[in-house]
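Note that the protein sequences, when read in sequence, are chains W and U. Sequential numbering of the first sequence, starting at 79, is according to the numbering used here. Sequential numbering of the second sequence, starting at 554, is according to the numbering used here.
Hint data in this document are derived by calculation from the structure and do not stem from the laboratory. A few of these clues could be false.
Claimed, not checked - Straight-line Cα separation of at most 16 angstroms, EDC-like style, residue types lysine to aspartate or glutamate; simulated pairs: (1) W:Lys279 - U:Asp571; (2) W:Lys146 - U:Glu572; (3) W:Lys235 - W:Asp165; (4) U:Lys705 - U:Asp737; (5) W:Lys146 - U:Asp566; (6) U:Lys734 - U:Asp692; (7) W:Lys146 - U:Asp571.
Claimed, not checked - Far from chain U by the CB rule (all over 12 angstroms, computed), these chain W residues: (8) Pro110; (9) Ser208; (10) Gly212; (11) Lys235; (12) Leu270; (13) Val306.
Claimed, not checked - Restraint-style ranges between C-beta atoms, simulated for each label pair: (14) W:Glu304 - U:Leu568: 32 to 40 angstroms; (15) W:Ala287 - U:Gly867: 55 to 63 angstroms; (16) U:Leu568 - W:Pro142: 38 to 46 angstroms; (17) U:Asn866 - W:Lys279: 51 to 59 angstroms; (18) W:Lys279 - U:Arg825: 40 to 48 angstroms; (19) W:Pro311 - U:Arg825: 20 to 28 angstroms; (20) U:Pro558 - W:Lys235: 49 to 57 angstroms.
By construction, the Cβ of each residue, glycine as well, lies at the ideal position given by its N, Cα and C atoms.
Listed below are the residues making up each chain.
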Amino acid sequence: MRIAVCIKQVPNTEARLRVSRDGTWLEEDDLPFVINENDTFALEEGLKWAEATGGEVVVFSLGPDRVKDALLKALAVGAARAVHLADPAFLGGDALATGRALAAAIRREAFDLVLTGSQSDDLRFGGTGSIIAGHLGWPHVWLVMGVEVEAGHRTAKVTREMESGVNEISRVALPAVLEIQAGINHPRYASLKGIMAAKKKEISRPTPAELGLDAAAVGAAGSRLEVVSVAFPESGSGAQMLEGDVKTAVAALVEKLQKEARVL
Amino acid sequence: MSRFPGVDLLELDALLTDEERLVRDTVRTFVDDKVKPIIEECHREARTPLELVPEMGALNLFGASISEYGLPGLGGVAYGLIMQELERGDSGLRSFVSVQSSLVMYPIYAFGSQAQKDRWIPKLASGEAIGCFGLTEPDFGSNPGGMRTFAKRDGDGWVLNGSKQWITNGTLADVAVVWAKTDDGVRGFVVEKGTPGFTSSDQHGKFSLRASTTSELGFQDCRIPGDAILPGTTGLKNALMCLNQARYGIAWGGVGSAMETFHTALTYAKERVQFHGQPIASHQLIQEKLAWMATEISKGQLLCLQLGRLKDNGRLKHWHISMGKRNNIWLARECARIAREILGANGIVDDYPVIRHMLNIESVFTYEGTHDIHGLIIGEALTGIPAYNPPIRDEKPARRTEPAPAAAGARG
Ligand SMILES: Cc1cc2nc3c(=O)[nH]c(=O)nc-3n(C[C@H](O)[C@H](O)[C@H](O)COP(=O)(O)OP(=O)(O)OC[C@H]3O[C@@H](n4cnc5c(N)ncnc54)[C@H](O)[C@@H]3O)c2cc1C
């Protein structure tokens, strides 16, 4: 099977975050970046099925030059090639514009499966995979916790975990877009040999024109959603410390829950 | 899963190649995922985490600088970054990899016969076989040239007699690289586990490097075949060449240990609240300590990077390595102590990695050339005067089989 995996590079959530000067994003200058966590699971799932069926994985990512690090990592763990949508026209877009660009890049080749993470750790729209599927006209499944490609590679049994802990299993016609959840597998490490080999693998950087797209349809220009501001939540002032031993504190807590919060 | 964000105040990451960063990140993730969750228990139980060995083999962490036998052939900086990250996990684990790579695979690869290489390099690379390096003896530590272990020609083989002490991985090893005197100087030998007359036993009561096995080796009329000798060895200098490889990595390891204790102290100081609901990080005395650590770590990183670039350009001298080992293990030791102070009582329990690093670093301060011996090596390079031996009081100095200085100082 030929499998496309879309990965996004996001700030390491362990790092100290600061809001950028224009107030619409984070100060990226000294931020460490990593591959979005869900996407590492999507990549592993892709590699697993490509190996099991004798195919290959091609990774796609949209983002500035720094994204090359993430692509190299994906190549080091076993992806065959990478496609990097790095043209400035692609950047700064919403899920709609990003999904449109990625779909156009994916459409240039024949894939049996497209895997993405179910959402990104930074923006959390969770929409890019569905939008890619919409452009390709393929079925898609969100929050995927299990994939089993069936004999003949025409269908896949896909498991989703529902809110209540119930598992939903559906059969999806391929090609399809599956949006993967963290925890579905154990992402492998790049071996040092894999890292050395990654240097020699191809990373192509198509322009919007090469994808048959109008530059006005992608990136910031092609977006319908604009981030107005990002901010840290006000640190709360409503916390109350209950004094006294456990018994007194619990009694006070119960009273407050009944009378003030009215939840009991 | 908590991810170590790194300590890079001088933006040195930008001086690394993509490949070097990827190597570092891979080992960093491996340490966060696989080492940190088990290492305190290993330290408590005084056991080597052997369960990590196959995976370290699969990642190519053993013999990473070799480019034959399907190994990656990494450059000096990438190799150093591996050691940095491993030692951020634990000095004992880093010791395991240093011994396997620099003290066992390197001499077999550099001084061994084709048959020795073919037999051992692939197995040592995958971790299927473990190796150890026997140089130190009960009476000869800083002065290995005085060793008593002797290999005597006997027909077409050799007979080994003597003992080795403080040998990392001694009882775990399938193969030992043993240094012994012969009628023509010190030579290296490859001795296989199970050879009659070769025994090993663990040293107990260690309060340092507890997640690493340290052993004694005994050779009593131990007969080894003629082809057990490493044919490329001609003297003690070959052993010192191995040590140079390992010490280079230890210079990086020191930075790794310091990064871990610093990071722990910084995180703790921002969370721990004392006096008027303020984090201890708001106190000037604490800030000065953190600033000291961060500055020394940054200097240590620069030193390592330059050592690595010199190594890759073939310009690295043995006394450069001494400078790196001496300075960076010292800084790791200081950082461990300061971090211990900042953590207060929590600094002495293994809920935090600090006390383990503090204890571990005492071994590293001593092995692979003590701090002071490295000072003497640098001193000799500066002055041209070797100062390892006090003035000889005997009228008749003992005949030496090795050129002075017999100490770890000889140029390698
Ligand atoms: C945990 C651990 C693992 C080890 N693993 C190995 C291993 O795998 N293989 C191996 O061969 N060895 C190993 N060693 C041994 C290590 O290399 C020696 O401990 C080291 O060389 C120092 O020797 P020593 O302990 O005999 O100390 P000594 O040489 O007795 O030194 C004691 C003190 O005297 C000082 N000193 C000695 N000579 C001089 C001098 N001329 N001038 C000034 N000061 C001097 C030293 O700096 C030190 O402070 C290991 C040691 C430890 C602790």
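Against the structure, the hints come out as follows:
no.: 1; hint: W:Lys279 - U:Asp571; in the structure: holds, 14 angstroms
no.: 2; hint: W:Lys146 - U:Glu572; in the structure: holds, 12 angstroms
no.: 3; hint: W:Lys235 - W:Asp165; in the structure: violated, 37 angstroms
no.: 4; hint: U:Lys705 - U:Asp737; in the structure: holds, 10 angstroms
no.: 5; hint: W:Lys146 - U:Asp566; in the structure: holds, 15 angstroms
no.: 6; hint: U:Lys734 - U:Asp692; in the structure: holds, 15 angstroms
no.: 7; hint: W:Lys146 - U:Asp571; in the structure: holds, 9 angstroms
no.: 8; hint: Pro110; in the structure: violated, 6 angstroms
no.: 9; hint: Ser208; in the structure: holds, 28 angstroms
no.: 10; hint: Gly212; in the structure: holds, 33 angstroms
no.: 11; hint: Lys235; in the structure: holds, 29 angstroms
no.: 12; hint: Leu270; in the structure: violated, 4 angstroms
no.: 13; hint: Val306; in the structure: holds, 29 angstroms
no.: 14; hint: W:Glu304 - U:Leu568: 32 to 40 angstroms; in the structure: holds, 38 angstroms
no.: 15; hint: W:Ala287 - U:Gly867: 55 to 63 angstroms; in the structure: violated, 47 angstroms
no.: 16; hint: U:Leu568 - W:Pro142: 38 to 46 angstroms; in the structure: violated, 21 angstroms
no.: 17; hint: U:Asn866 - W:Lys279: 51 to 59 angstroms; in the structure: violated, 28 angstroms
no.: 18; hint: W:Lys279 - U:Arg825: 40 to 48 angstroms; in the structure: holds, 47 angstroms
no.: 19; hint: W:Pro311 - U:Arg825: 20 to 28 angstroms; in the structure: holds, 24 angstroms
no.: 20; hint: U:Pro558 - W:Lys235: 49 to 57 angstroms; in the structure: violated, 39 angstroms
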